[in-house]
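Protein chains in written order, with the working numbering: chain F, 169 to 391; chain W, 343 to 709.
Bear in mind the hints are in silico, worked out from the structure with no lab data behind them.
All residues carry an ideal CB built from backbone N, CA and C; glycine is no exception.
Just to be clear, a hint being listed does not mean it is correct.
Said to hold, decoys possible - No farther apart than 27 Å at their CA atoms in a straight line, the calculated lysine-lysine pairs in the DSS-like style are these:
1) K663(W) - K317(F)
2) K573(W) - K663(W)
3) K494(W) - K517(W)
4) K521(W) - K573(W)
5) K517(W) - K465(W)
6) K320(F) - K663(W)
Stated by the list, open to error - Incomplete in silico selection of chain F near chain W, CB under 8 Å:
7) I207
8) V210
9) I225
10) G228
11) G247
12) V251
13) A261
14) G265
15) L350
16) R352
17) F371
18) M378
19) L387
20) V390
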Amino acid sequence: MMSADVSDRAVTAAASHEHESPFAGPDEAFEAAKQGMWIFLVTEVLMFGGLFVAYGIFRGLHADMFQEAHRYLAVSLGGTNTVVLILSSLTMALGVGATQRGQRDRALLFFGLTLLLASCFLLVKYFEYSHKFHEGLLPGGYFRNEHLKHPKAPLFFSLYFVMTGLHLVHVLVGMGLIAWLLKRTVARQFGPHYYTPVELVGFYWHFVDMVWIYLFPLLYLVG
Amino acid sequence: MDTKETEPAARHHHILPTFTTVLVGLSLLVLTGVTILLGGVELGRLNFAVAVLIASVKALLVALFFMNLLYDRRENSVIFGASFLFLAIFFVLTATDLFFRGDVAVKGPISAPVPAGGKRVAKPWLATEALVGRGRELFSQQCVTCHGPEGKGNGPAAASLTPRPRDFTATVGWKNGRKPSQILKTLNEGIPGSAMAAYTTLPPDDRWALAHFVVSLGPAAEKDSPEDLLKVGVDVAKGEAVIREAPSIPIELAMRRLTRPELKARTKARTPSPTQTPEGARVYQARCERCHGPEGEGAIVGALGGVPRMLLRTGPLSISKAIENESAFSEVVVRGLTGELMPGAADLSERELRGLYRHVQELSGRP
């Protein structure tokens, strides 16, 4: 690999003070951190999972309502956001790879792109949400839409807002983390020797993508 | 610095080739396109399965390649995979409970188990003079509007109903049947899709009384076998009244009632004004207060089981359309609300009804 600018100063704070570290070496520290991240992601799966189960149950009980209500979501916007998030996952993966290979400039470029794509996602979501607000397609007792007559329809929008809302919170957190990666990459704190935070933020971002991969077809397409 | 510094962690860690990364990204985009295209095709129930399948393939690609799970230590796959396994268990158990429970109903203590002021009947499934007499009394209050005074299915409200109320003197056309236990089932559950509501607001003994009376209106009916009785929760072998106490309301209704936005509206507590019709107030207190509250503000009608406990309540009477004119009001009060747990009060006299109407108007702050 043509490592353009391997940052030699990329030495982990945690792993360099070996007498203080409970780990046998940087590898073990890296593996432990990664496993911790996987366990964290398990809790995330279960948190979103509860909502997906609720979705499944209500869809089973009111299939006709889901059929009717899901037409009020814009497939074009949801689809755009799916593409945007997948591209951002791709740039994230490329950014992580670049860091691992010590290509700092490329890493900066890809993290920047990821952040840009995430902002696109937010923008589209903003338009979607404001449209729903305007149309009175709101959760539960706030539902005010006149065309969607199905008495259970507010339930669909409760699910829609809670599920996409929780996802949105994750996008925001992810953006903060990526910004933090950018800052530390600029400060040359990552390189082939140490990239634990880069890899783990990558995991988080891919997970956010994964949730959307399910949300999009379930809410927008099959209702 | 020791040797570990010179051995990059990357040596032990698989770095995904850029080519593979881009390839996976492209596959994800293609699969997204496929999902969207298939979303437009009508495949019935398959749509859902296909959508979930494609999403899972995509998620798997992300996990295996972008998240490096394919090259990671096996135990991490086990950890992450386990979360999906438990999610599946969560879903399957909830779904089997909810979708295959048979009667999807919420149980709750909606009626008092014992008739007001009365004693429990020892074996209410056996017809006695007293029970049939009680049934006659209840029938004239609750059922004649539809089933007619002789149970011929020709009450004043019958003409407007489809399907028509059952003629109890006929032996054909019964959906549940005309053995006492079968009539009890009708009274426990109502006949879905018809005006015949469940009468779970009546105590079980009263429901048995009605069942025996209905049987007495027609030609002699078959007796209940022990199996028949078991179906309605009576275990004759035990020799005692093992009656299912928990009346149920359909989950549909419970959801509607629990999510009705108007329930947020609250009428202010009002001090009774001196112009109240004493008779209306008296009837109201005796017959309506327990479900509509002392001020017509709405009250808890029953509790649904489960944690947290959910309470079922009526809305304020003041926002009901039915109190806007007297005839609509009388209609609702006399007939009750089918399937809504509101019993009819067909025994009220014209005067009592008028008094009641005025009283409810007062409570709702109308002139």
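Hint by hint, here is what the structure shows:
1. With a C-alpha separation of about 20 Å, the suggested pair K663(W) and K317(F) falls inside the 27 Å cut-off, and the hint holds.
2. Distance check on the hinted pair: K573(W) and K663(W) sit about 40 Å apart at the alpha-carbon level, beyond 27 Å; violated.
3. Proposed proximity of K494(W) and K517(W) is supported: the alpha carbons are some 16 Å apart, at most 27 Å.
4. With a C-alpha separation of about 12 Å, the suggested pairing of K521(W) with K573(W) holds against the 27 Å cut-off.
5. Distance hint between K517(W) and K465(W) is fulfilled; the C-alpha atoms sit about 26 Å from each other, no more than 27 Å.
6. Annotation: proposed proximity of K320(F) to K663(W) holds, straight-line Cα distance about 22 Å (limit 27 Å).
7. For the restraint placing I207(F) at the interface with chain W, the shortest Cβ-Cβ distance is roughly 6 Å, inside the 8 Å limit, so the hint holds.
8. For V210(F), the interface hint holds, since its Cβ comes within 8 Å of a Cβ in chain W; the closest pair sits about 4 Å apart.
9. Given the 8 Å rule on beta carbons, the hint for I225(F) holds: about 6 Å separates it from the nearest Cβ of chain W.
10. With its C-beta approaching chain W no nearer than about 6 Å, G228(F) sits inside the 8 Å limit, and its interface hint holds.
11. Evaluation of the G247(F) hint against chain W yields a held restraint, the C-beta minimum of about 5 Å falling below 8 Å.
12. Among the interface hints, the one on V251(F) holds; its C-beta lies about 6 Å from the nearest C-beta in chain W, closer than the 8 Å criterion.
13. For A261(F), the interface hint holds, since its Cβ comes within 8 Å of a Cβ in chain W; the closest pair sits about 5 Å apart.
14. A least Cβ separation of about 6 Å between G265(F) and chain W falls short of the 8 Å threshold, and the interface hint therefore holds.
15. Taking 8 Å as the C-beta contact cut-off toward chain W, the hint placing L350(F) at the interface is violated, the least distance being around 19 Å.
16. Violation of the interface hint for R352(F) is found here, the shortest Cβ-Cβ separation to chain W being roughly 17 Å, above the 8 Å cut-off.
17. At about 5 Å, the closest approach between the beta carbon of F371(F) and any beta carbon in chain W falls short of 8 Å, and the interface hint on this residue holds.
18. Evaluation of the M378(F) hint against chain W yields a held restraint, the C-beta minimum of about 5 Å falling below 8 Å.
19. Taking 8 Å as the C-beta contact cut-off toward chain W, the hint placing L387(F) at the interface is violated, the least distance being around 10 Å.
20. Satisfaction of the interface hint for V390(F) is found here, the shortest Cβ-Cβ separation to chain W being roughly 5 Å, below the 8 Å cut-off.
Of the numbered hints stated above, those contradicted by the structure are hints 2, 15, 16, 19, listed in ascending order.
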